[in-house]
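Line by line, the protein sequences give chains Z and R.
Take the first sequence: its position 452, counting from 1, is numbered 452 in my numbering, and each next residue is one higher.
Take the second sequence: its position 13, counting from 1, is numbered 831 in my numbering, and each next residue is one higher.
Since the hints were derived computationally from the structure, they do not count as laboratory data.
It cannot be assumed that every hint is accurate.
Incomplete in silico selection of chain R near chain Z, CB under 7 Å [what the hints assert, rightly or not]:
hint, residue
1, ASP830
2, PRO832
3, GLY834
4, ALA871
5, ILE875
6, ASP876
7, PRO883
8, GLN900
9, PRO901
Pairwise CB distance ranges, derived in the manner of DEER restraints [unchecked claim]:
hint, chain 1, residue 1, chain 2, residue 2, range
10, R, ASP912, Z, PRO492, 43 to 49 Å
11, R, ASN904, Z, ILE712, 42 to 48 Å
12, Z, PHE643, R, LYS866, 43 to 49 Å
13, Z, GLY599, R, LEU833, 51 to 57 Å
Just so you know, even glycine gets a beta-carbon here, dropped at the ideal spot from N, CA and C.
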Amino acid sequence: MTQKLVVIGNGMAGARTVEEILARNGDYSVTMFGDEPYGNYNRIMLSNLLAGVETEEGIFLNDLGWYRDNGITLNAGVKIERIDAEAKVVHDSNGVATPYDKLIIATGSYSWTPPMKNVHNPKRGYHQGVFAFRTLDDTRGMIRYARDHERAVVIGGGLLGLEAARGLQNHVSQVTLLHAMGHLMDRQLDPKAGQMLQASVEGKLGIRVITNAMTTEILGKDRVTGVKLADGTVIDCDVVVIAAGIRPNTEMVANSGLPVERGIVVDDQMRVEGQTDIYSVGECAQHRGSLYGLVAPLWDQAKVLADHITGTTGVAYTGSKLHTKLKVAGIDVASMGLIAPEHDEDEVIVYNEPKKGIYKQLIIREDVLVGATLVGDNSKAASLIQHFDRGTALPEERSSLIFDIGGAVEESLDEMADDAQVCNCNGVSKGAICGVVAGGCGTVSGVMDKTRAGKGCGTCKPLVQRIVEWANGGAAEEDPAASWYVPGVPMPKPELMAAIRKYQLKSVSSVFDKLVPGGEHDAKSKMGLASLLKMMWADEYVDERDARFINDRVHANIQRDGTFSVVPQMKGGVTTPAQLRKIAEVAEKYGVPMVKLTGGQRIDLLGVPKEQLPAMWADLDMPSGYAYAKSFRTVKTCVGSDFCRFGVGDSTALGIAIEERFQGLEGPGKMKLAVTGCPRNCAEAYVKDLGVVAIDGGKWEIYVGGAAGAHIRKGDLLTTVDSAEEVIRLTGRFLQYYRENANWLERTYSFVPRVGIDRIREIVIDDVDGIAAALDAAVEEAVQAYKDPWKERAEPVTPGQFRTSLPLTVLPQVPVRS
Amino acid sequence: MKTLTTLGPLSDIPLGEGRTYAVGDDMIAIFRLRDGSLRAVSAVCPHKGGPLADGQIDNSVVVCPLHLFSWDLSTGCSQSGQPPINVYPVRVDDGQIVLGE
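Generate coordinates for the entire structure from the input sequences, incorporating the hints supplied.
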């Protein structure tokens, strides 16, 4: 049976709540009471109306037709004088009693007038020329009056006061803003930000601002001639606008015997305390001790109320996080959460550029944004609000939160087109990701598996994560597999290694059999396990060839047409005429389609069929360069001190020695190194997994965690040492620590910042954990276990090891370049 | 595939790996699973022509070595939205790989 719903208040909260109830097909006949004789308008836009950038029609949300069309009885201009909760009736100013089954109180707020002499005229409310700034009528009156006057004073330097002052400039030539507190927008800004804002308001807008200005009296007999401040200062003016804050309209409710403290007390379902059929929503409602004067919390409250009143159980409003933006053209201000740190551990990040009027402050607690203030530059407001609202993990580079530093600008996902490409390696669009999420896959790794987004260079992973969270309504599903070393064995790396040691598991299949419930094997986990077992057991590792990726089975890098590339070792990038001659002869003999110099200072022979690999290795008679494995790759060097007139260290000799020692060392990811002979850094050592830089005085700097691929990062200085021997020793120790502790496919540029360079220095240099000797011994064992895989050529290790898998068919042809 | 084709000895395929066979005009990848059974699928990845026999397998899927898309070895269905691959009946008979029913 249709129930009677009565709504007291026809402002934004009341009307929005009714809209939400209608959208849920709530079976109610609705009667609304509003003080104002209008339909429902957007109060927030009154400042735009005053500023002349919006029309009256433009700010109406629902005109009278909307009420008619939805069967709502609107009593506009009718005030409710009493609620009889016992009898379930409301009494209005016309003496009419209206019964209800459910009642919603959305009486909002009124503009608060600070105590001042002469502000009211006993006959006609406010003194002539004095206006509050709350309603459409206030605004109309203000505009009408200001038309014939020249000097305005605005009392109140908060959001509304600033917007009023800016709007009044549209009508009068002189505007003074008086603020009783020490700085503008003191509820949202700290003193420093308030001062920056004041400088902009005065300098850019030409509004005079007086802070610590307590207005005590309105001057003028019949109409306003000025205002007087507590210190006796008199400011001449013809118009006074009061925007000193709002107070909830609760008097009638309190008089009706309902619980009112600062506001009308409601529970998490927006029900008035102790009442089953009376709700309250919006600025007049006090929820968990908080009153909200902004629009976003109101929307959330309206939804919960509508859900609850239409029979959805289990819904709750738990409070809102507040963020605001100032709507004044030319003055950017955004504020959210805390304006000052509360604990010693709160991380505070501040950027201040007074000349430009820019001030940015972030407050971070336990890696979550709990407060932000932006003055003079709102460009990062959207992404900060997102971090603030969702409590998402913040980038390690905090500066990227307040500046756009290189890379892609983080755009709002709401605005991102469905066909926008997210993964540029695998061509996956935002729409494709959302489709998979809509299909029921809510984990980041699940979506990545299904779409292959983020499975190329990996740089889009954070964006993929954001989209999954966004499409999933705020948060991705908990993904237990995220911490596992490989997807098919449910253990993080340390536990996995402990179990492998405990059960003496020396082959990949034994790991699956022993450690996976049900013993199921997983193709995508084999390569990571093979790498781990090889690292752990060195010579004792039981090498099952099927656990290897094809590159590791045939010691060459598979190409798009199913052929392979052959990169002989060329230690430190130093070669000889004899070596070059040999490579040239082999390239000609086998008709190699492309000969290419690599970034790692070697020579790549591309387009070699699998079946030719062993013969080619035999003809080359050079060791493998490992340009195909998750392993130690190469050491790039510069000319060094032998020839270069700037070189201060023998980088080539050291690079060759490092490569000689660590060749072929497997790891969780590639290891690309460099040694450069002076800080000019021709060998790009600052952007390598491990880079060594000779500095004057016979010393060497060691940098770790650098990268210059899909991800660009300058390495962190690990230490500075006196000798090449020390460089080699610490290189081995660092690499072993990385091998033992990095996640599968986690390059040093992620590993080093994750662990922290200070912690790595403690372990590798200071030996705080006392494991340095063990690391040295382990890497030594791995070095001793090295065998050149290209010697594996006389006899195939497995039947058909080098048998062609293709091309038996027409494949994409790579052009021969001559 | 009505006719039976003997492809060669089972020992030609190492445990857990695959090898490609040309059968008439078809290119067929035969995999020898670690549970001892065989699977036969089309040898060319429908995505970008990758050699599936060079891919890694477990007891249910093959992962193409080029872009790491995967297919179910029994049904031929893609697990990542790609077109399916053909699957063929295959068995071991007296140590020989026999394709067909």
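Restraint check, 7 Å cut-off on beta carbons, for ASP830 of chain R near chain Z
Since the shortest Cβ distance to chain Z is 5 Å, the answer is holds.
Against chain Z, run the beta carbon of PRO883 of chain R and see if the smallest gap drops under 7 Å.
This interface hint holds because 5 Å falls under the 7 Å limit.
Tell me if the interface restraint on PRO901 of chain R is satisfied: Cβ within less than 7 Å of some Cβ in chain Z.
Result: violated, 15 Å to nearest chain Z Cβ.
Holds or violated: 43 to 49 Å for the Cβ distance of PHE643 of chain Z and LYS866 of chain R?
holds, 45 Å
For the hint on ALA871 of chain R, does the least C-beta distance to chain Z fall short of 7 Å?
Holds. Min distance 4 Å.
Taking the Cβ atom of ASP912 of chain R and the Cβ atom of PRO492 of chain Z, is their distance within the range 43 to 49 Å?
Holds - the Cβ-Cβ distance for ASP912 of chain R and PRO492 of chain Z, about 47 Å, lies within 43 to 49 Å.
Hinted contact PRO832 of chain R with chain Z - closest CB pair below 7 Å
Holds, because the Cβ-Cβ distance from PRO832 of chain R to chain Z comes to roughly 4 Å (cut-off 7 Å).
For GLY599 of chain Z and LEU833 of chain R, compare the CB-CB distance with the range 51 to 57 Å and indicate the outcome.
At 37 Å between Cβs, range violated.
Is the interface hint for GLY834 of chain R satisfied, with its Cβ closer than 7 Å to some Cβ of chain Z?
The hint holds - GLY834 of chain R has a Cβ within 7 Å of chain Z, the shortest such distance being about 3 Å.
Given hint GLN900 of chain R near chain Z, where the shortest CB pair must fall under 7 Å
At about 10 Å, which exceeds the 7 Å cut-off, the nearest Cβ of chain Z leaves the hint on GLN900 of chain R violated.
Is the interface hint satisfied for ASP876 of chain R? The criterion is a beta-carbon contact with chain Z at less than 7 Å.
Holds, about 4 Å.
Supplied contact hint for ILE875 of chain R, tested at 7 Å Cβ to chain Z
holds, 5 Å
Checked against the numbered hints given earlier, this structure breaks hints 8, 9 and 13; the rest are met.
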